[in-house]
Amino acid sequence: MSLGGLATIARLTLLEASRRRITLAAFSGGFACVLIFAVSVYFIAGTAQLREAPAVLHRLQLQTLTLAGLYVVNFLVVAAAVLLPVDTLSGEIASGVMQTLASKPIPRSSIVLGKFLAYWMMLAGYTAAMVLGVVLSMRLITGFAQAHVLAATALMLLQATVLLSIVFAGGVFLGTVANGVVAFAFYAVAFIGGWIEQIGVVAARSVNARYIGTVISLASPVDALWRRAIHVLEPPVMSQVLLTPFSAISVPTAAMVWWAVAYAIVAISIAVVRFERRAL
Amino acid sequence: MQGAVIQTSGLRKQFGQTVAVDDLTLEIRGGEVFGFLGPNGAGKTTSVKMLLGLIAPTGGEARVLGARLGERSARARIGFLPEHFRFHDCLTAREFLRLHGRLHGLRRERLERRTEELLERVDLRDAADRRLSTFSKGMLQRAGLAQALIAEPLLVFLDEPTSGLDPLGRVLVRDLIRELREQGTTVFLNSHLLGEVEATCDRVVLLKQGRIVRELLLQDQVAAFQIELRIDRSDAQVLEGLRSFGEEVRAIGEVVRLRASSDEVIPEIARWLVSQGIAIYALASRRKSLEEWFLEGIGDDQRPG
Chain A
17 MSLGGLATIA RLTLLEASRR RITLAAFSGG FACVLIFAVS VYFIAGTAQL REAPAVLHRL
77 QLQTLTLAGL YVVNFLVVAA AVLLPVDTLS GEIASGVMQT LASKPIPRSS IVLGKFLAYW
137 MMLAGYTAAM VLGVVLSMRL ITGFAQAHVL AATALMLLQA TVLLSIVFAG GVFLGTVANG
197 VVAFAFYAVA FIGGWIEQIG VVAARSVNAR YIGTVISLAS PVDALWRRAI HVLEPPVMSQ
257 VLLTPFSAIS VPTAAMVWWA VAYAIVAISI AVVRFERRAL
Chain B
2 MQGAVIQTSG LRKQFGQTVA VDDLTLEIRG GEVFGFLGPN GAGKTTSVKM LLGLIAPTGG
62 EARVLGARLG ERSARARIGF LPEHFRFHDC LTAREFLRLH GRLHGLRRER LERRTEELLE
122 RVDLRDAADR RLSTFSKGML QRAGLAQALI AEPLLVFLDE PTSGLDPLGR VLVRDLIREL
182 REQGTTVFLN SHLLGEVEAT CDRVVLLKQG RIVRELLLQD QVAAFQIELR IDRSDAQVLE
242 GLRSFGEEVR AIGEVVRLRA SSDEVIPEIA RWLVSQGIAI YALASRRKSL EEWFLEGIGD
302 DQRPG
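If you read the sequences in order, they're chains A and B.
As numbered in the numbering used here, residues 17 to 296 make up the first sequence, in order.
As numbered in the numbering used here, residues 2 to 306 make up the second sequence, in order.
By construction, these hints were calculated from the structure, which means they are not laboratory data.
All C-beta atoms in this analysis are idealised placements derived from N, C-alpha and C, irrespective of residue type, glycine included.
Please note that the accuracy of each hint is not assured.
[Stated by the list, open to error] Where chain B lies over chain A, by a calculated footprint (3+ residues, C-beta under 8 Å): (1) 26–32; (2) 110–121.
[To be verified] The calculated lysine to any residue pairs, modelled on SDA-like cross-linking and capped at a C-alpha distance of 25 Å, are: (3) B:Lys138 - A:Glu32; (4) B:Lys138 - A:Arg36; (5) B:Lys138 - A:Ala110; (6) B:Lys138 - A:Arg37; (7) B:Lys209 - A:Leu296; (8) B:Lys138 - A:Ser111; (9) B:Lys138 - A:Leu296.
Work out the full structure, taking the sequences as your base and the hints as a guide.
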């Protein structure tokens, strides 16, 4: 691998992304969501019902509001992790742009890893900005201080990293549209698996539901990371009383986090190895 | 560099059941301007991609600048203008050249010097800070050409370098190729435009359905005159005598054909024939164009691509 080549490709990718409308749309959309969230919180927090509620209930409601905001952020991060890089390999291979890059004296791995690094940095910035937007607006408007923000952000970023690596691996094998469809299907499968597990555990105390959820999470660990992030964010009492998209009844273990890390490493390695041999 | 810059032996590429390139055996010397001709689908671009390491051959062997195909040490000395000249069009022309210079590992000072020199050389200085997305086809092609030359390569692959250019652009490319030859750079030119090839190349090969069907030295063969005589006697003695005026002397009935490097031999041939007491009914000379060589080499069974 050539570090100079990798840095040049990463720089090119960042410059290119900064000039694309989709990046502007992603950041504008995210900013709009945070703004709407802040305005809503302002009005909700001002209602007498919320202000006069007992302290524990008041805190629980503010916690739920924060998790609702972060749920939207998580969805935006998932969409950004798929849509921003979806054509970066497949599009450049199909158009022939890649021929000029790959004929230069840099290893092909530098092209894949340079692009990956650039998109990862963008997603890290995006995730951090969106999470901060939600958490800070809650703090400023209601005084509610969300605990364990850093750990939860890291889990959300890991989720985005897994998706990013899947998109990169798909980009070497598939065309742009097919790659996008596969990446979203990958997320949808994890999402359904997560809900089967949650509902099965709550409604039927079903061990099978937990098994199904775990198997699906092993195949597609993205939703498990979000559920782990919720578990980190919410107070223990919340997971006992509520089943919402913002609560985690069945919590993935720490081993699942390491599984996700390994998953991302394997996926990006497949992308590198396959791209090294691919006809361009 | 006067040794072989490109050497291939039995190079082959097969996509499924389709053979794109078959038994490609070439030797291209340093400083040569080499033309690679053939109809659409003949395997020209596939051959270039193999030589650049963009696709792996199915069989055969090849070395480029002394290295195995695709080796980084060789790619550092190679420039490449791809056929469809699709580039990162969000970049300005200046950013684009700097990017490719950096990928070649050029240091700051040399990078800036080469960027400015080439912007000037391909007549894009005025548009240097415009994004490539706003460029015309010809401007893109000139930017691509500058990109191929940014690291002062020893070997340049130009795949259809003038397809998007107007006549002025073509003259610019032709002059650039001449300058490269003077500098000792080897140029591998893939082109359909026979006039361009004729004006710039030292040697060409014709490729048909993945195989080389003809090799021509432009100086000796295409530039030569075809002389046709209709005389009353064309026995072995007469043919032997005519060999002193040219090459490839052949008799077909009462017509004799030969190839000469200059038309100045025509009066001498006439004088010699008269001195031998041979009656001349017709004596004509003409140059065979590269297009005729091409069509003859490709044959009648080739359909337009």
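Against the structure, the hints:
1. 26–32: holds (count 3)
2. 110–121: This one holds; 10 residues, not fewer than the three required, reach chain B with a Cβ under 8 Å.
3. B:Lys138 - A:Glu32: 21 Å, holds
4. B:Lys138 - A:Arg36: The hint holds at about 22 Å.
5. B:Lys138 - A:Ala110: 19 Å, holds
6. B:Lys138 - A:Arg37: With Cα atoms ~23 Å apart, B:Lys138 and A:Arg37 stay inside 25 Å; holds.
7. B:Lys209 - A:Leu296: Answer holds: B:Lys209 to A:Leu296 is near 23 Å, not above 25 Å.
8. B:Lys138 - A:Ser111: 15 Å, holds
9. B:Lys138 - A:Leu296: 22 Å, holds
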